[in-house]
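Enquirer: Protein sequences, first through last, are from chains A and B. To convert a position in the first sequence, counted from 1, into the numbering used here, add 826. To convert a position in the second sequence, counted from 1, into the numbering used here, add 440.
Heads up, some of the hints might be wrong.
[Stated by the list, open to error] Derived DSS-like pairs (lysine-lysine); straight-line CA-CA distance at most 30 Å:
1) B:K624 to A:K935
2) A:K1066 to B:K624
3) A:K1047 to A:K888
[Claimed, not checked] So these bits of chain A aren't anywhere near chain B, every CB distance computed over 10 Å:
4) G889
5) T903
6) Y907
7) K911
8) E929
9) E939
10) Q948
11) E1064
12) K1066
Worth flagging that the hints you see were computed from the coordinates, not collected in a lab. Glycine is no exception: its CB is placed at the ideal position from the N, C-alpha and C atoms.
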Amino acid sequence: MTGMIEIQHVSKGFRRGDNVVEALRDFNLTIEKREVIAIIGPSGCGKSTLLNMIAGLYMPSKGRVIYKGAAVTDVNTDVGYMTQKDNLLPWRNVRDNIAFPLELAGVDKAEREARAVAVIKQVGLDGFEARFPTELSGGMRKRACLARMMLYGAETALLDEPFAALDAQLKLVMHELLLRLAAENGQTVVFVTHDLMEAVTLADRVIVCTRRPAMIALEQKISLPRPRDVLNVRFTNEFKELYDALWERLRVEYQEERV
Amino acid sequence: MTVSNDQLEIAENEMSTGTGNLVMVLCQTALGIAILFVWQGVSGRLVDNFFISNPLDVGRRLLGWTLDGSIFLHLWATVYATMLGFIIGAVIGAALGIWLGISTFASRLLNPYLNALNALPKVALAPLFVLWFGLGIESKIALAASLVLFLVFLNTFAGVRQVDQDLIDGARLMRATRLQVVTKVIVPSALSWLFAGLRVSVPYALIGAVLGEMIASNRGLGYLVQFSGAQFDTAGVFAVLIVIALLAMALNFVVDIVQNRMEGWRIVSR
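Excised from the complex, chain A in its bound form (with noise of 0.2 Å):
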């Protein structure tokens, strides 16, 4: 069965000065429609880069991206992609940010903007409409930035360490929205955490990489039922067997690290 992307023996390097540090090596993955998968490792080991490939910002050195049966050769316009830095436009205020992706569709100004008020109220910046990014706090700015990328209603939402900046009641409030919005969308997810307890709660699939070069180290199915309590489904037994299992895997790349 094909997914709906394939990451097919890709490996990634990177010139830096006179040698080459390498991201990814033979890097095998395939990810099925509607699927939310976490991408967990440490820090610095290529899982950004893995995201910039199926976002065809960058091309693989070896192997390829396939992405609905196509190689992916220009920039992927079908995934939505929040990256770690926010990408707002900073002389457009929150609302003119969120809607820009209608703006750019050509959506006329009366309807982009009752749907960017809309959005805005679910991610909690209702009040802030016309503030600037410079004056919103890193997790307003994030929230702004999921508020975009779920307007826009992207097929393949790719998150790079999304919420790491949050506090922990937002993060929770985030997940919680980040997965019903995914799943009125019908959205593929793929994205990348430090976190193992976000990885977990969020995920069908934890894919826990090796250091650089990333490799696959571990995959693990999760299957926790669907719709997903984010706030409860972290006390049950089932979590705590798998969020066992995978820490202790975490385990031996971050030791190995640090040796």
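On the provided structure of chain A, position chain B as indicated by the hints.
Expert: Relative to the frame of chain A, chain B by itself:
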């Protein structure tokens, strides 16, 4: 240029807390009057009137020109050439800056030629402009525009090159067309640079117009200062210099007002 202006403003603010604004204005007026008195006193006694004229003669000359209206003809000619030169130079400079900023091929291709043109003192082009555009106001407009063009071009080009690649990638992922990337990401992002370029080039537009008039013309403040000098009319020269200084100050004042507006729209201050 803007930095030194800001520093001046800070210095002024510090002074105003010490002495108070009204007192300072009075002191400035007193200094001006003192200079006029010294000038009047020195003229004809320590220094020959021929070289420095004197305030009374200069004042009479200004009054005379104002009453017969001749100064307004020259003033308008200079203002007109400055404004048109500024607009034409700014439009071409901005367009060129955006185009070359986007097109790596074109900017690399044209790079040596643009450097050479930029290094060339634009005044040296004046005879060419006279040949092409004649003795009328067109050649002055061309000279002013040539000065403005390069300043605006260089600033815009730098601004376009500074645009955050992540913002461009983000827009492309959101299905922006090439044109949309330019109009909705690159141009707005470069706008603060473009305005910085416009700001510094306003005085250069005036310089271009006045220089053009000095070289070959029959009207304009540059012509008048040249003509007065050729007649050994020192009072006339000083009178025109005062008019040019007032005009330059008025232009700066307009630029400041526009700048404040822009900051209100968040185009300049980020």
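Enquirer: Now look at each hint and say whether the structure bears it out.
Expert: Cross-check of the supplied hints:
Using a Cα cut-off of 30 Å, the hinted pair K624 (chain B) and K935 (chain A) holds, with the two alpha carbons roughly 15 Å apart. For the proposed pair K1066 (chain A) and K624 (chain B), the alpha carbon gap of about 48 Å is over 30 Å, so the pair is violated. With a C-alpha separation of about 28 Å, the suggested pair K1047 (chain A) and K888 (chain A) falls inside the 30 Å cut-off, and the hint holds. Every Cβ of chain B is farther than 10 Å from the Cβ of G889 (chain A); the closest lies at roughly 22 Å, confirming the non-interface assignment.
With a closest Cβ-Cβ approach of about 5 Å to chain B, T903 (chain A) is found to fall inside the 10 Å limit, against its non-interface label. Against chain B, the non-interface label of Y907 (chain A) is violated: not every CB pair exceeds 10 Å, the least being about 5 Å. Look at K911 (chain A): its CB is around 6 Å from the nearest CB on chain B, not clear of 10 Å, so calling it non-interface is violated. Non-interface call for E929 (chain A) relative to chain B: violated, since the shortest CB-CB distance, roughly 8 Å, does not exceed 10 Å.
Every beta carbon of chain B lies more than 10 Å from that of E939 (chain A), the smallest distance being close to 16 Å; the non-interface claim holds. The non-interface label for Q948 (chain A) is consistent with chain B: the shortest C-beta to C-beta separation is roughly 19 Å, beyond 10 Å. In this structure E1064 (chain A) is separated from chain B by more than 10 Å, as the shortest Cβ-Cβ distance comes to about 36 Å. With a least beta-carbon separation of about 38 Å from chain B, K1066 (chain A) lies farther than 10 Å from that chain, consistent with its non-interface assignment.
Against the hints set out earlier in the document, violations occur for numbers 2, 5, 6, 7 and 8.
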